[in-house]
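The lines below spell out each chain.
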Amino acid sequence: MTTDTTSYSGHKLPPGSPNPPAEPDPVAGESLGQDAWRRLKQNKAAMVSLILLVLISAVCVAGPYLLPWGLAEVDWNAFSVAPTLENGHFLGTDANGRDLLTRTLYGGRVSLSVALVATFVSLVIGVLYGAISGYVGGRVDNLMMRFVDIMYSLPFMFLVILLMVVFGRNIFLIYAAIGAVEWLDMARIVRGQTLALKQREFIEAAHALGVRDRKIVTRHLIPNAIGPVIIYVTLTVPKVILLESFLSFLGLGVQEPLTSWGVLISAGTDMMQSAPWLLLVPSLFLAVTLFCLNFLGDGLRDALDPKTR
Amino acid sequence: MADNLLEIDNLSVDFQLPNGTVSAVKDVSFSIQPGETLALVGESGSGKSVSSTAAMRLLPELARTSGAIRFKGEDLLSATPKRMRRIRGNAISMIFQEPMTSLNPLQRIGRQIAEVLEKHLGLNGRQARPKVIELLEQVGIPEPSRRIDSYPYELSGGQRQRVMIAMALACEPELLIADEPTTALDVTVQAQILALLKDLQARYGMAILFITHDLGIVRHFADRVCVMRHGELVESGTTGEVFGNPRHAYTRMLIDADPHGRKAPVDTTMPMLLEAKDLRVRFALKKRLFRASEYFEAVRGIDLSIRRGQTVGIVGESGSGKSTLGRALLRLLKSRGEIRFDGSDIAALDTGSMRPLRSRMQVVFQDPFGSLSPRMTVGEVISEGLRVHHPEFNRRQREAQVIEALEEVALDPAMRNRYPHEFSGGQRQRIAIARALVLKPEFLLLDEPTSALDRSVQVTVIDLLRNLQQKHDLTYLFISHDLSVVRALADTVLVMKEGQVVEQGTTEEIFAQPRERYTQELMRAAFVDDAA
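Protein chains in written order, with the working numbering: chain A, 1 to 309; chain B, 1 to 532.
Hints are computed from structural coordinates only; laboratory data are not their basis. Please note that a few of the clues may not be correct.
Taking lysine to any residue pairs in the SDA-like style, the calculated list, with each CA pair at most 25 Å apart, reads [claimed, not checked]:
| id | chain 1 | residue 1 | chain 2 | residue 2 |
| --- | --- | --- | --- | --- |
| 1 | A | Lys-198 | B | Asn-394 |
| 2 | A | Lys-307 | B | Leu-62 |
| 3 | A | Lys-307 | B | Asn-394 |
| 4 | A | Lys-44 | A | Glu-204 |
| 5 | A | Lys-215 | B | Leu-357 |
| 6 | B | Lys-334 | A | Pro-155 |
| 7 | B | Lys-334 | A | Leu-197 |
| 8 | A | Lys-307 | B | Glu-422 |
| 9 | A | Lys-215 | B | Asp-258 |
| 10 | A | Lys-198 | B | Glu-422 |
| 11 | A | Lys-41 | B | Asn-417 |
| 12 | B | Lys-334 | B | Ala-257 |
| 13 | A | Lys-239 | A | Pro-155 |
| 14 | A | Lys-215 | B | Pro-441 |
| 15 | A | Lys-215 | B | Asp-350 |
| 16 | A | Lys-198 | A | Leu-128 |
| 17 | B | Lys-497 | B | Asp-482 |
| 18 | A | Lys-215 | B | Asn-394 |
| 19 | A | Lys-307 | B | Pro-18 |
All chains should be modelled from the sequences, with the hints used to inform the complete structure.
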């Protein structure tokens, strides 16, 4: 059988085609991790994004200690002041005279940690659950996926309120609630991937080698499903940040004086005409973060795919 | 030469890829007269499909074409897109390799054929219908007035290819470009489709540009032959000339590429290694909540025995159950009946008790692209079995074994840190063989290991398998639809059809005097008698 028709489609080159110039010594041993990191370093957009993300996180963590203003500290001399260099409120103040830069950095801590924890929880549970369900198949798959359906049908707000009633108001509850919902989509995506991969001959070859099921899932299935998973993670992060602000808006999330980017943005929208900086500053932080995550996600997906090297 | 239908003059095609330019076709010239059949022959990557796609101006954006393509004197390379749309499907039409994917699965076939008529002849739906039925009848679809409302999934592969041909013929083209039209089909179906094309050619007087890698077909089908290699035209001439007196070494190699030699017979006193009695495999068709209600029996009571050192060939067309049988023997599928390996019954062993045996019975699959995990290096792929069966090995010992296995299959061990996609089909198949060999198995299931490879690569893989068998005293079960390969490798042959053994015997017997009609039909369709 010939494959001429696919050989010029882009990724698969005819024999004798030039190799990418940046290729290192092909003989040297390299694990997939090292290899991926090397390829990620070649991707400028991804590296700039990574540096920016680290920078934003560092500023959010360290910044509040360096700034003279506290989170809830009211400057009685400056209500709704526009960004200025004169009085130390570099990005202005809100209607209550609180420093916007300080509040944005504090908000960043909450938003970024929610995003990080909830996404990580959804990633771990979702990938494992989906891979197991798809791999085992049959009745187990049926039962596992029906459980997912039941979880889907529970109203999200109901779940959050239930958690509040049982455990009291706590920021970790937000993490838990969001994580508990977000993994459902991930599980479905990974299960779909697994069902397709399961038919491939390399899985059958692994069976013929006597490889244990656990190893087949972790060594063969999950690494090969990673592309869509990373794409979905980059979509989950913004979703989680917005979900948190929605909860906070309803009074179920973080409470004053603590804040988050989502809360700041929704507060800023109310004052859009009189004090636009209240909307612009936190939005800018959020937008830059999300952009960086997207570029980094694309870069990671490419770097983890040996075909692109 | 005004009487040429299609004239290709110094055609070159380059693909501009991010990491450099790849020239797919270099300075190729040929022409087709009205009503003749020209075969464009070559292995994968030879540029034969690219040349014909260029003639239809269907190449992707990043292709740069130079030279001239003239259809009845009109230069197609400079024709406007509108003019090209009028020519395509009307004066020149095309059929492709994959009948399974070249039809729209959500549209009735009648609709898809009528679309061509509506587009080029300006008929409306009602006027087109009788014409469509007539076309379906001409391409030999039974009950055309009922089939016209079928969806593609209701048709077999051969029937779908007939529908594609009907579509291509709808406007009575002067030139039909057939790009590997029979490659995805079973041999008996292939023979029918070729006969149909010949018949239609005589009726319509159209020229056929036939693109294929299969010289057996060319010899029976084409008037003239052009042989391509690495984008260049190496030889052309009438079929008689090229086959009778090939001038270029590459052509000689292609013609010669049928696997030669026979297997030396095995001492009949050797002990049985693998035996099966009344083996049955069934698949659930309809699944209810708790248990399946309908079954399809893919393997229906097969008896089989293989002596140590023997090669048993299993021959059959797609759907005959030959691959299912192989998988069931290795306990990769659930089955009923008895399987004895080296004297002990393994049919009832659980996964854990089966595991130690796995290193003694290994498998090589058909698809060299699907059988290696794309995210593992070749070294990781090969050493995986060692991790399971020799957990006591440290990294260096595993490495040494991997190197030995790679040398065994004639690959450079330095390549072990590369990923599978960097290798060609033949090399990947060698990697798959190395993965099996590293465990030092006694029995190897070879499930169409050469079917996806070019003929010239096939021969080298067959030689490798033969040498390995001698060196390590291996026992093979060789599954294939390719009779010439089976003949070169097997001691005894089983012919399967619909899950049952139709005929079995020694290779000599089966090929010299096939008793059953089905076997005879297979032989005739595969052009086995005169190809060797």
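Holds or violated: are the alpha carbons of Lys-334/B and Leu-197/A at most 25 Å from each other?
holds (20 Å)
Is Lys-307/A within 25 Å of Pro-18/B, Cα to Cα?
Given that 25 Å is the threshold and the Cα spacing comes to 14 Å, the pair holds.
CA of Lys-215/A to CA of Pro-441/B, is that 25 Å or under?
holds (22 Å)
Given the hinted pair Lys-198/A and Leu-128/A, is their alpha-carbon gap at most 25 Å?
holds (15 Å)
Under the criterion that the straight-line Cα-Cα distance not exceed 25 Å, is the pair Lys-334/B, Pro-155/A satisfied?
Outside the cut-off at roughly 43 Å; violated.
Hinted pair Lys-198/A and Asn-394/B, Cα distance within 25 Å:
violated (30 Å)
For the pair supplied as a hint, Lys-334/B and Ala-257/B, confirm whether the alpha-carbon distance does not exceed 25 Å.
The given pair, whose Cα atoms are some 39 Å apart, is violated under the 25 Å limit.
Proposed proximity, Leu-357/B with Lys-215/A (alpha carbon, max 25 Å):
holds (19 Å)
Within 25 Å, alpha carbon to alpha carbon, are Lys-307/A and Asn-394/B?
Violated, at about 29 Å.
Holds or violated: Lys-307/A with Leu-62/B, Cα cutoff 25 Å?
holds (20 Å)
Straight-line alpha-carbon gap Lys-215/A to Asp-350/B, limit 25 Å
Roughly 18 Å between the alpha carbons, so the hint for Lys-215/A and Asp-350/B holds.
Could you grab the alpha-carbon distance between Lys-307/A and Glu-422/B and see if it respects the 25 Å cut-off?
holds (8 Å)
In this structure, the hints that do not hold are numbers 1, 3, 4, 6, 9, 12, in rising order.
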